[in-house]
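Number of protein chains: 2
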Amino acid sequence: MSFNGIIAELDIARLAPSANAEPDIRPLAGLRFAVKDLFAVAGRTTGFGNPDWQKSHSIESSNAEVIDQLLDAGARLVAITCTDEMAFSLDGINIHFGTPLNTQLPGHIPGGSSSGSASAVAAGLVDFALGTDTAGSIRVPASYCGIWGIRPSHGAISSQGVLPLGPSFDTVGILTPSRSILARVAAILLGLGGQSHKLTKDRQIKKLLICDDFLALAAPNIAPDIVSAMASAQGHFDSVKHINISDTIKSDCIELFNSIRGFEAWQCHGQWLEEFDPVMAPAIKERFLNCKNATEDEANKGRTQQRELQQKLAELLNDDTALCFPTTTALPPLETASAEALQQNRMANMALCAVASLGGFPQVSIPIGLTSYKPFVKTGLSLLANFGMDLAIINAAAAFE
Amino acid sequence: MSFNGIIAELDIARLAPSANAEPDIRPLAGLRFAVKDLFAVAGRTTGFGNPDWQKSHSIESSNAEVIDQLLDAGARLVAITCTDEMAFSLDGINIHFGTPLNTQLPGHIPGGSSSGSASAVAAGLVDFALGTDTAGSIRVPASYCGIWGIRPSHGAISSQGVLPLGPSFDTVGILTPSRSILARVAAILLGLGGQSHKLTKDRQIKKLLICDDFLALAAPNIAPDIVSAMASAQGHFDSVKHINISDTIKSDCIELFNSIRGFEAWQCHGQWLEEFDPVMAPAIKERFLNCKNATEDEANKGRTQQRELQQKLAELLNDDTALCFPTTTALPPLETASAEALQQNRMANMALCAVASLGGFPQVSIPIGLTSYKPFVKTGLSLLANFGMDLAIINAAAAFE
Chain A
0 MSFNGIIAEL DIARLAPSAN AEPDIRPLAG LRFAVKDLFA VAGRTTGFGN
50 PDWQKSHSIE SSNAEVIDQL LDAGARLVAI TCTDEMAFSL DGINIHFGTP
100 LNTQLPGHIP GGSSSGSASA VAAGLVDFAL GTDTAGSIRV PASYCGIWGI
150 RPSHGAISSQ GVLPLGPSFD TVGILTPSRS ILARVAAILL GLGGQSHKLT
200 KDRQIKKLLI CDDFLALAAP NIAPDIVSAM ASAQGHFDSV KHINISDTIK
250 SDCIELFNSI RGFEAWQCHG QWLEEFDPVM APAIKERFLN CKNATEDEAN
300 KGRTQQRELQ QKLAELLNDD TALCFPTTTA LPPLETASAE ALQQNRMANM
350 ALCAVASLGG FPQVSIPIGL TSYKPFVKTG LSLLANFGMD LAIINAAAAF
400 E
Chain B
0 MSFNGIIAEL DIARLAPSAN AEPDIRPLAG LRFAVKDLFA VAGRTTGFGN
50 PDWQKSHSIE SSNAEVIDQL LDAGARLVAI TCTDEMAFSL DGINIHFGTP
100 LNTQLPGHIP GGSSSGSASA VAAGLVDFAL GTDTAGSIRV PASYCGIWGI
150 RPSHGAISSQ GVLPLGPSFD TVGILTPSRS ILARVAAILL GLGGQSHKLT
200 KDRQIKKLLI CDDFLALAAP NIAPDIVSAM ASAQGHFDSV KHINISDTIK
250 SDCIELFNSI RGFEAWQCHG QWLEEFDPVM APAIKERFLN CKNATEDEAN
300 KGRTQQRELQ QKLAELLNDD TALCFPTTTA LPPLETASAE ALQQNRMANM
350 ALCAVASLGG FPQVSIPIGL TSYKPFVKTG LSLLANFGMD LAIINAAAAF
400 E
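The listed protein sequences derive, respectively, from chains A and B. Number 216 in numbering that gives the first Met the number 0 belongs to position 217 of the first sequence; there are no gaps in the numbering. Number 359 in numbering that gives the first Met the number 0 belongs to position 360 of the second sequence; there are no gaps in the numbering.
Treat the hints as calculated values from the structure; they're not laboratory data. Model, not experiment: these values are computed from the prediction. Hints may be right or wrong, so weigh each one.
Label-pair distances were calculated between CB atoms; the ranges are [what the hints assert, rightly or not]:
(1) A:Asp71 <-> B:Ser61: 54 to 60 Å
(2) B:His95 <-> A:Ser337: 27 to 33 Å
(3) A:Asp71 <-> B:Val278: 57 to 63 Å
(4) B:Arg13 <-> A:Glu307: 54 to 60 Å
From chain A, some residues computed to sit far from chain B (all C-beta separations above 12 Å) [as the list claims (entries may be wrong)]:
(5) Asp10
(6) Thr102
(7) Arg302
(8) Pro366
(9) Ser371
One side only, chain A facing chain B, incomplete, derived with CB under 7 Å [what the hints assert, rightly or not]:
(10) Asn3
(11) Glu8
(12) Leu100
(13) Leu124
(14) Lys206
(15) Arg286
(16) Leu288
(17) Pro374
A virtual CB, placed ideally from N, CA and C, is assigned to each residue, including glycine.
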């Protein structure tokens, strides 16, 4: 069962300060957007991808802060989009609502958990959409659906009014069809971010570090075009070097990530899961219930390791360097793939996604056409840079267009 | 069974005359396009939407003339798209290949017969696509998929190397996501058209005639936005008047159209149908076999009526006037709609489409957002003008953007 990713339609706009002014000169005037069903919208009960969640929660009295920021900037909220249940998957399959379409590869998963947002953007239904990214939930669907996506620096975009999954990693991200819209929307949300942080426009990506070990994980039908995109872009940078990022990381990122996220996820939602015993996809429910075993001690130990990793990576990246690697390891599996195949695929992608998640670093996924395989299908190539370099990687991405 | 509309992938490009010149300054450089599976492509056997057709025909030795024109202009042919069998439907359902996705309304028909071209364009898989339009096969899918489409003046774009259905009405049309791409591609194909005709850039649409009787046929969920789009555009024209186009036509357009097309369709393909008895969707095959009853006498009588109608409409339209009306009467039916419901829907749309088909006049379908119903779904609003006013209606369409 496929659908367009939109689970509720609405139409919320805010008049320009001087309502009679024509034309509307606000920075996002004329753009329609959608939000994943875990952003608070005044007057609506958030669904979190699960009907039992919606039944057991109340109507929101105000919008998530980012929604207000976008409405003030002139954008118009027109839809709520499907999320994987409790945002706890990277697949984009939802047993209650269906699987949002992957418009470039129908019958294949769109990626998740910001599945509906990616699907609606790819199908041209909206000009941009908000999602969230804890373990890759913006980056994976951006890559699978052939669109632009950014996971921002952790805390750089307000998450007030957004349902949490693992607060140490949760970010509000943006999905768009083009770099120009991405830059416009990011400028609004980053400029008004909930935290004080050093986002400076004058910092530039001058050096590229191609992660050969991550590139080696890319499937044969996507690797050649990713390599060729890297080659075409290299003239735009002062230096391009090849590294094995594992030499810097030296730890099992997925295990480290899970030790912290598992504990936090249970802290956030364990009580609700036990109390309401919701109807959920068995595999997702089981994964979530397993989080009960995570301990605070392990999480704290993980956080110490995380800080060490952040420091090592920050030294590598400095204020002028971006890592460059495939966003995902392969084209999206079929919707009908076995649970084992999907699990294996999630793990493969998490290995690539965990660097930014653990580091709190911004990562932009750039759609790259598979000219040597299927000219009309795109896959994601990522740039990842130091904390606060969000606008810098969006600018640097122009080299790959 | 839904798919992305593409039935074969290829990659054909032509080097710029001076191959070392960087950048490629040809007018369509960088644009990827697809063609409906009834255009000859050198080295490939055309399929015409039916496997038995493909089996019983030979490999083409050269491209359809329009494909060469586009390749020379720098565009790159990357895909062959699905057509309704023998282009003999407006639905977009093909029992052999499946139903190309309607990305804005999954589960609903994409419209046909240029179904795969419309689907691929709407999904962003290609920058533009060629189709054909005899009874509405560009206009209906453009409207249903929320994209731009033009049926050109009859004969203005070469149909050499394109399988016929009713030569008195057959046209090669263009489907695109934007007016700017439509204008660029149309300029190439019209400029090199196979016939001599008076396409002048300096002729402008100054007057709009809103067809109230056609507007009255629009479903309640699309009519308000169409009316509102007309109202917003009216300042761009010297005069806007309301008419009943039936007062000028004064005949049953569908019956008139069928009397000619039926005879011509049988002339074109009757022998093949009888000789090969192909496996086809029963409803389409039955409709086609019924064409055997059409006589040349009736066709000639129809052609006389057609010429009278052309003359009356040409007088009404002059060199500065466009008719304005909904492209289709409603949003697309579900893929699972009954044969009767689909038949009724086809007849409703043919009534609107027959004016341009009989007149040989150009008609552009403009995607209009249903802001008062579903902000992310678009339906088609049409401008139709006198013979040769192809570029003029594309220019005039800017008023509705």
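Okay, the hints, checked on the actual structure:
1. A:Asp71 <-> B:Ser61: 54 to 60 Å: holds (58 Å)
2. B:His95 <-> A:Ser337: 27 to 33 Å: For serine 337 (chain A) against histidine 95 (chain B), whose Cβ atoms are near 29 Å apart, the range 27 to 33 Å holds.
3. A:Asp71 <-> B:Val278: 57 to 63 Å: Because 59 Å falls inside the window, the suggested range holds.
4. B:Arg13 <-> A:Glu307: 54 to 60 Å: holds (56 Å)
5. Asp10: Since the minimum Cβ distance to chain B is about 6 Å, aspartate 10 (chain A) lies within 12 Å and the statement is violated.
6. Thr102: violated (4 Å)
7. Arg302: holds (41 Å)
8. Pro366: violated (10 Å)
9. Ser371: Since the minimum Cβ distance to chain B is about 9 Å, serine 371 (chain A) lies within 12 Å and the statement is violated.
10. Asn3: Holds - the Cβ of asparagine 3 (chain A) comes within 7 Å of chain B, reaching about 5 Å at its closest.
11. Glu8: Status holds, d = 6 Å.
12. Leu100: Interface hint status for leucine 100 (chain A): holds (5 Å vs cutoff 7 Å).
13. Leu124: Cβ of leucine 124 (chain A) sits 4 Å from chain B, so the hint holds.
14. Lys206: Where the cut-off is 7 Å and the nearest Cβ of chain B is about 26 Å from lysine 206 (chain A), the hint is violated.
15. Arg286: It is violated, given that the least Cβ distance between arginine 286 (chain A) and chain B is near 28 Å, above 7 Å.
16. Leu288: With a closest approach of 33 Å, the leucine 288 (chain A) hint is violated.
17. Pro374: holds (4 Å)
Violated hints, listed in ascending order, are 5, 6, 8, 9, 14, 15, 16; each of the other numbered hints is respected by the structure.
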